[in-house]
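Protein chains: 2
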Amino acid sequence: MAKDQRNVEAITPMEVDFAKWYTDICLKAELVDYASVKGFMILRPYGYAIWENIQRIMDGMFKKTGHVNVAMPVLIPESLLKKEGELVEGFAPEVAWVTMGGSEKLEERLAFRPTSETMFCDHWHNVLQSYRELPMLYNQWCSVIRWEKTTRPFLRSREFWWQEGHTIHETAEEAIAETEQQLNCYADFCRDALAMPVVKGRKTDKEKFAGAEATYTIEAMMKDHKALQSGTSHYFGDKFSRAYDVTFTGRDNKLQYPFQTSWGSTTRLIGACIMTHSDNNGLVLPPAIAPIQVVVVPVAQHKPGVLDAAAALRDRLTALELRVKMDDSEQSPGWKYAQYEMKGVPLRVEIGPKDMEKQQCCIARRDTGEKVFVPLTELEATVQALLKEVHDNLYAMAEKNLEDNTFDFTTWEEVKEMAQGKGGFARTKWCGSLECELAMKEKAGVSSRCMPLKQSGTVGKCPVCGKECTTDIYWGVAY
Amino acid sequence: MAKDQRNVEAITPMEVDFAKWYTDICLKAELVDYASVKGFMILRPYGYAIWENIQRIMDGMFKKTGHVNVAMPVLIPESLLKKEGELVEGFAPEVAWVTMGGSEKLEERLAFRPTSETMFCDHWHNVLQSYRELPMLYNQWCSVIRWEKTTRPFLRSREFWWQEGHTIHETAEEAIAETEQQLNCYADFCRDALAMPVVKGRKTDKEKFAGAEATYTIEAMMKDHKALQSGTSHYFGDKFSRAYDVTFTGRDNKLQYPFQTSWGSTTRLIGACIMTHSDNNGLVLPPAIAPIQVVVVPVAQHKPGVLDAAAALRDRLTALELRVKMDDSEQSPGWKYAQYEMKGVPLRVEIGPKDMEKQQCCIARRDTGEKVFVPLTELEATVQALLKEVHDNLYAMAEKNLEDNTFDFTTWEEVKEMAQGKGGFARTKWCGSLECELAMKEKAGVSSRCMPLKQSGTVGKCPVCGKECTTDIYWGVAY
Ligand SMILES: [Zn+2]
Ligand SMILES: [Zn+2]
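These protein sequence lines are chains A and B, in that order.
Residue numbers for the first sequence follow the numbering used here, beginning at 1 and rising by one.
Residue numbers for the second sequence follow the numbering used here, beginning at 1 and rising by one.
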């Protein structure tokens, strides 16, 4: 039997089933496919092209601040992984173990990296000599495995792709400054490339990275008002340096331990983008990371001159270094409109015989659906202005969603009501005790997201124990 | 005790010990470091920067011919791997197996990909529907594991980094054309980016890829006259499609099996570059892939104006989009000269007070050691011309090495004499039998490298059995 029923299929509306809507977009926009191995995913060409844009932009930001890329081995001997107790405790339950090489059982089993602090420390132990070599500002792009029980495309899968930055510094101050710089780098990237506002803050001890002295995070709010942790930056002090015997000769000619950071962001950012901007017609992509920024659709393309006119528009826009595609396939214009809406292409340029007569084309925005007729002489200027408008509008809508659904509360009952209602971020005071944090989970069903870097400095009461305190904290239901 | 003895250390001359010379360069130019896991390597910043340049250039070539990148899972279920018998037989002895996920033993063990034909087929089995979707021209950049017994940096390691292209086509002709196109792509890349001539040819049945109908290869000659297989391109027919049930509805509305190719090149190319161009002063890099193309060294930098003059040169060259570094560290100019020679930087620009007086700078070439004094007004033009000359000279020298050490022989005794002497490529006729190929290994100590695409068409005798035949073939000792 023939199998050729490719259509632009409808997706589940987000109001009906947000989770199903999300999965529909992932599959029907052809971003991912499920793999034969349970919990693993395939990044298809369109999904991977988004990731390539993310990588290119972010890598450029890292390099501007002096970071260099390296590649560390993917397998970590168990004994090496175990040298730092907290780290291994944090990751042991989700490590995949290689126990056979060829037909031989290995003497020591090897962990597929869940994260690479241990490998970087082991390397620095071998090569670091003098303070003159510091800081070492390293990064690598790779995949990692964490053996999660329940998985969802981009958000939680057993293998995911990421970058992991690892740096060592002469002083604690420099390492702390690096930790903050990279958190700001993530936030700037989310604003400028993903059109996504975030809350910058610090994790509580309960939520911080295994082995870190401090973990900083950016938290974004999805359209269902849940939180998505979108990047983290960790300060380790000299804890790993001591555990892995990483030393250097200091300015005082004595052996010292360097201070360390690590920071990571992942393919999860694509999931964040989907749940921040997309709608019931499919994906909506911010122009900076869209694999196709403008699609040119010829109307009545069999009529004389139409394909040439469309190709001319494509060439003019390509000359601006935009990512442009012309679709001159045999599908109807209507099918194409639906198709590129599903794929989240920011702008669609249409041109047909009538437009040609009037020396104009029609430009449709994916974010608002608005259409404008544009004189052909103004094509370049209009497209560039519209791409900027699309970005700014996506950011403004996401910011409104974040602001409209962030609430200042003083009691845990209010937080619970929010969590059981339409959700959101609850901003309260917090006394700093683990007990009250656990009680919020237990009673109100929320986890702490972060203590925002912008603290109000006011005095208030912990919503659980009622103690007077000053720390502002965000709570929410997280992915 | 202080540890601060970083020096530009001498390396073992290649005439004394070629293998040691090679390893010295890998380590002292800071390309790689050994890892805690036996047989694995670390790509350090300088080594990885070379790989980034290779990736950028090659990826651009792939994309120009319509290829797109994807990411497939790193783990392959044993049952999936086993569906195509020849492939699994070829790779089974060197597969690393994951048998534990977290604390649980897996029901089925998972192979760390040694190559990904099976995953691509499994994916296509799920998504391919119509001939309209063909060809699918996919590629991925990733690392693979092959559990080798003996390892050497870049040349043979248990983990290595590569690209693997995988494509499916409507017809056998198209797939064969793709296989050839990608082989030519590799050869062009070697010529234009690595300044490395190669012999293009087809592997014998004995040497071809497990499961392939035909394997094409590019073979390069190293400075010790050994062969290095530097890229391969495979044609599979519809063998894997049938094994993995990959089908599409054809133009005739019937289900058909697509025809498949794969092609790969690896971090081994960096090893090829080292053994093609480098010398007893260290690495020599072709400009196209050099992380630093020009190093600017101020002479007597404490003298007034020198640092500013050097910085001005750096800025002018950077404006040409060259990769330029100025070294204004406290090390002596002599130390810096040795350091950047070790690192293979193609051009060194020196400027000191005397040069400033004369409105000139001095430019030294890494490949020949020649120095020229250049009026400052001619900086840009001279540097660009010299970079091209360095590339061309490197290519010419490598070509001379290849030509001077390729011999036409008619008997296996001559081949043996060559192999036991200074080595090289032996070009002979071959009757096509496995017995004679095995006999050449046994008697002359060489393996077949390839049957060159350029066949002479002449008649001659097989050097083993004496049978009359026409096929030209290359023999050599290979890495
Ligand atoms: Zn409290
Ligand atoms: Zn023979």
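If you are wondering where the hints come from, they were derived from the structure by calculation, not from laboratory data.
Computed from a predicted model, the values in this text were never measured in an experiment.
Any given hint might turn out to be false.
Since the list can't tell identical chains apart, any single copy or any two copies may satisfy a pair.
Said to hold, decoys possible - The list that follows gives simulated cross-link-like pairs (lysine to aspartate or glutamate, DMTMM-like), each with its CA atoms no further than 20 Å apart:
(1) K223 / E403
(2) K461 / E413
(3) K64 / E52
(4) K82 / E104
(5) K105 / E78
(6) K28 / E389
(7) K38 / E104
(8) K63 / D315
(9) K63 / E52
(10) K226 / E399
(11) K461 / E30
(12) K303 / D279
(13) K303 / D252
(14) K64 / E89
(15) K254 / D17
(16) K63 / D327
(17) K38 / E414
(18) K64 / D315
(19) K149 / E107
(20) K105 / E148
(21) K38 / E78
(22) K441 / D238
(23) K105 / E89
(24) K454 / D308
(25) K422 / D224
Hint check:
1. Taking the closest pair of Cα atoms, K223 and E403 come within 20 Å of each other only inside a single copy of the chain (12 Å); across copies the shortest separation is 66 Å, beyond that limit.
2. For the homomeric pair K461 and E413, the shortest alpha-carbon distance inside one copy (14 Å) is at most 20 Å, but the shortest distance between copies (93 Å) is not.
3. When the C-alpha separation of K64 and E52 is checked against a cutoff of 20 Å, the pair qualifies both within a copy, at 18 Å, and between copies, at 16 Å.
4. In this assembly of identical chains, the alpha carbons of K82 and E104 lie at most 20 Å apart only when taken from different copies (19 Å versus 23 Å within one copy).
5. Taking the shortest alpha-carbon separations for K105 and E78, both the intra-copy value of 15 Å and the inter-copy value of 16 Å come in at or below 20 Å.
6. In this assembly of identical chains, the alpha carbons of K28 and E389 never lie at most 20 Å apart, being 27 Å within a copy and 52 Å across copies at closest.
7. In this assembly of identical chains, K38 and E104 lie within 20 Å of each other by CA distance solely across copies; the values are 14 Å between and 26 Å within a copy.
8. In this assembly of identical chains, the alpha carbons of K63 and D315 lie at most 20 Å apart only when taken from different copies (18 Å versus 32 Å within one copy).
9. Taking identical chains as interchangeable, the C-alpha atoms of K63 and E52 lie at most 20 Å apart whether they share a chain (16 Å) or sit on different chains (13 Å).
10. Taking identical chains as interchangeable, the C-alpha atoms of K226 and E399 lie at most 20 Å apart only when both belong to the same chain, with a minimum of 14 Å there against 62 Å between chains.
11. With identical chains, the CA atoms of K461 and E30 are never at most 20 Å apart, being 49 Å at best within one copy and 56 Å at best between copies.
12. When the C-alpha separation of K303 and D279 is checked against a cutoff of 20 Å, the pair qualifies neither within a copy, at 34 Å, nor between copies, at 65 Å.
13. For the identical chains of this complex, K303 and D252 are neighbours neither inside a copy (81 Å) nor across copies (29 Å), given an alpha-carbon limit of 20 Å.
14. With identical chains, the CA atoms of K64 and E89 are never at most 20 Å apart, being 35 Å at best within one copy and 47 Å at best between copies.
15. In this assembly of identical chains, the alpha carbons of K254 and D17 never lie at most 20 Å apart, being 62 Å within a copy and 38 Å across copies at closest.
16. Within a single copy, K63 and D327 get their C-alpha atoms only as close as 36 Å, which misses the 20 Å cut-off; across copies the closest is 18 Å, which meets it.
17. Taking the shortest alpha-carbon separations for K38 and E414, neither the intra-copy value of 40 Å nor the inter-copy value of 57 Å comes in at or below 20 Å.
18. For a Cα distance limit of 20 Å, the shortest separation of K64 from D315 across copies, 16 Å, qualifies, whereas the shortest one inside one copy, 32 Å, does not.
19. Within a single copy, K149 and E107 get their C-alpha atoms only as close as 28 Å, which misses the 20 Å cut-off; across copies the closest is 15 Å, which meets it.
20. Taking CA atoms no more than 20 Å apart as the test, K105 paired with E148 passes between copies only; the shortest distance there is 14 Å, against 26 Å inside one copy.
21. When the C-alpha separation of K38 and E78 is checked against a cutoff of 20 Å, the pair qualifies only between copies, where the shortest distance is 13 Å, while the shortest distance within a copy is 24 Å.
22. In this homomeric assembly, K441 and D238 never come within 20 Å of each other (Cα to Cα): the closest approach is 32 Å inside a single copy and 56 Å across copies.
23. In the homo-oligomer, the alpha carbons of K105 and E89 lie at most 20 Å apart only across protomers (19 Å), although the nearest pairing inside one protomer, at 25 Å, exceeds that limit.
24. For a Cα distance limit of 20 Å, the shortest separation of K454 from D308 qualifies neither inside one copy, at 55 Å, nor across copies, at 42 Å.
25. With identical chains, the CA atoms of K422 and D224 are at most 20 Å apart within one copy only, with a shortest distance of 8 Å there and 72 Å across copies.
Of the numbered hints listed earlier, those contradicted by the structure are 6, 11, 12, 13, 14, 15, 17, 22 and 24.
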